[in-house]
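Working from the sequences, and respecting the hints, build out all of it.
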Amino acid sequence: MARIKIIMGTLLLALVSIVLSPVPQASADDGVLRAGDVLEIRFPGEEAFADPFQIGLDGSIEVPEIGTVLLAGKPLAEAEADLRSQLNSVYRDISRFSIALLDRRLLVQVLGFVKEPGLVDLPASANIQTAITEAGGLAQGAQLDRLQLRRGESVKTFDYKAYLDSGDVAILPDLEPMDIVFVPASPLIGNVQVEFDARTLTAAGDAGEGGSAVKVFGEVLKPGSFAFKEGQSVVDMIMRAGGVTRYAGVEKIRVISEGSPSLFNLTDFLDTGNTALLPPVKAGTTIYVPISVEEVKAGVRTIYVMGEVAKPGAYDMTEGATFFDVLANSGGPTRYADTRKLRIIRTDGTVAEFDLAGYTNGVVGGPAPAVYPGDAIFVPEKADQLEKSWLTVAPGQAVHVMGQVGRPGRFEWSSEMSLLDLLAHAGGPTRFADPSSIQILKQDGDNAKPVLFDLDAFIQNGGQLSTLPRIEAGDTIMVPELPRSPSDMRSLWVRQSSERSIYVMGAVGTPGRFAFNENLHFLDILSAADGPRPDADIQAIRVTHRGESGSRVSKVNMALYFETGDETLLPHVRPGDVIYVPSHNRTWIEKKAERHVRVIGSVGAPGRYAFDDTMTILDLLAEAGGPSPEAWQEQIVVVNMVDGSAKAQSFNLVKFARTGDFSTLPVVRAGDTVYVPNASQSDWAIFIDGVRDVISVLSIFALIGAL
Amino acid sequence: MLRSTLLAASVLLLNGCVAVSWPPMNGGGVAEIAPPERMRMMQIAASPTEQALLRELQDAEKRLEILLGKGAHRFAAAETTLAKRLCIRIRREVAGTLYSEAQADLIELQDRLVLIERSLAQIEPTQRGKRT
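Chains as they are written, first to last, in this note's numbering: chain A, 1 to 707; chain B, 1 to 132.
Between beta-carbon pairs, the in silico distance windows are:
id	chain 1	residue 1	chain 2	residue 2	range
1	A	GLY607	B	GLU117	38 to 44 Å
2	B	GLU117	A	MET402	52 to 58 Å
3	A	HIS584	B	GLU117	33 to 39 Å
4	A	GLY427	B	ALA121	48 to 54 Å
5	B	ALA121	A	LYS591	35 to 41 Å
6	B	GLU117	A	TRP684	56 to 62 Å
7	A	ARG546	B	ALA121	30 to 36 Å
8	B	ALA121	A	ASP661	42 to 48 Å
9	A	GLU416	B	GLU117	55 to 61 Å
10	B	ALA121	A	ILE600	45 to 51 Å
11	B	ALA121	A	GLU416	49 to 55 Å
Using 27 Å as the maximum straight-line C-alpha spacing, the simulated DSS-like pairs for lysine-lysine come out as follows:
id	chain 1	residue 1	chain 2	residue 2
12	B	LYS84	A	LYS647
13	A	LYS592	B	LYS84
14	B	LYS62	B	LYS84
15	A	LYS382	A	LYS311
16	A	LYS555	B	LYS84
17	A	LYS591	B	LYS84
I should point out that these hints are in silico values taken from the structure, not numbers from a laboratory. All C-beta atoms in this analysis are idealised placements derived from N, C-alpha and C, irrespective of residue type, glycine included.
See below:
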């Protein structure tokens, strides 16, 4: 029986609950119309009312024939009554007119950082997420935890991110028609509209508000402001900032929370796992990870390495560590180190020197110096790397290198140094140097004795190294300079001795005095003087050999050299010789008669012309401008010099031109004379002149007789 | 009067007939390029002195040809060139009847040939090239 009562009671309760439960319908709970509602206006026979009507944001609908009718806020029955009364004035029969609520819609505006802000039409069951989705979704840079729902004057802020994190729909406020969902921008995007992506944005943190954000900066991979979340530790915040860099000083991380600074030793925390070491992180906390700074190390087992080593610093001495262990740990001496004068400064203030270079070369014997904790090893810098100072090299250990070397100066001398070592140390001779006459001024007490050395010959020919001049402390080495341009540097000539000079004169590009040695050639010096000028008579170059006991002059026929290439034609010249290149324009006195033919008489340009045995009288006449118009071409005379006396022969140029008989050409040689007589000297001309004179005389006699 | 006038005219006309004597034509200025037939004719018609000189010149030219074959043009180029010019000069002098000059130049030519021979003697036979 009791079971029947229980069953009956349950059924009764179910019935009551069914009766009392809200009816699922399109109408509002209170039956009042609102914006977004979709109405069906039934008016049979009127096609204008066939489509449903939706109440707009202003709460009204547009009804055909009667216009705008405000319906929002009215119960459905009242709305129907209003419409009926207004339609009654327009339509005759409205007995079959009725309205019904077809659908309830939510007209909501979604604004702010969404992709398509504006009015969205949502079903009645829609929520905030649906509205945002309908508005195209969130735009990059949207601040998710501070979305706003504006309804009339009221503004409700809610954490959309929390909803996304948890799925708790209760976090989202219910929507009503006319609501405005506003998605704010994150403060991180700044006040300037730029294109950015989410990765860039979040790289600088994700904080929405500057006041509550946790700032993490310093030696972290991604410094920035991060949203404060309750329960996060310093380690969490550092991890959000990408972790520490390799340069971070993790022993002294600074945390400022609520204005109270504290130090956090991450190393200790990781070593112990003691969470009590973690300072509290609150809203607005600042975390700074400093760069690692070397601490001044000191201790009872520390040894110091200073100066020109790769890694100077303090090192811990372990048991049995030697001098070389310490030096090797410091990276060893650099290339600027003076390894001959290492110094070990003991704890008691004494200083011990050590010649590392000599030790490695085997010059210095014995064991390496012992080192102890507290000692300091000093590796000095090379003296020549320092400023030029007399103090760096003692006068008794210095040699002087001057003149045309790369780095002239005062250098430290060592007994094993040779002249070549010293010159190489001074940068070697420059391109302006004359290594053939290096001058060494050797110190001999208060006196100085000069020594000349031909380094050029030594380098080219070789020889015993013992023949190199011995250099000692106090010596001075002078590398002389070559004259750079004899045309405009004449003042430098005085620096060049006559024994090293050769003279080039006459018709060359740059006559003058040139530095010369035994290794140079005739063509070298002629080229150095810029070669013969166009007017140079290269068949008659003369070389005066001044260095010989008697006087000797060589004649050089450069034209023959260029024709044959015979090197034996070029003379061997030596310093002191004089090369004279005559000009074609020189006076006749300077021209040898034996090398020329005189062309005189009726020619275009009488004169003396150079002649060789390959030429003929035709060449000569052509060079002399040819016979003039008044020339007696039938009787050209050639006077040959035979055994010191003259022998004449004639040549008929006109006949030769007519016949082309080359056998009639006369013999002409250098030293001969060609005479082209005037036509007035011909026999016929003389006869005609005589007749003319006779006629003149006869005419005079005739006149006298007539008188 | 007429007689004296004719006499004066005759004297004056005779004076106009006075001719200047000019040296004879001789030739030989380019004897080195004379055709072979002419050379033979010259040798046949030449005087004994001229024939002797030409024979001596031909001998020297043959000697020079032999030296050229041994590389004189490479190892004694200048002397060879001068010797060739001297040959030309001698041939011209013979053709121009300058015999004494030709004789002197033949002596000089022989000296040059000796110099060329000495130069070639200093050169290894393997180094000598053929005449180009």
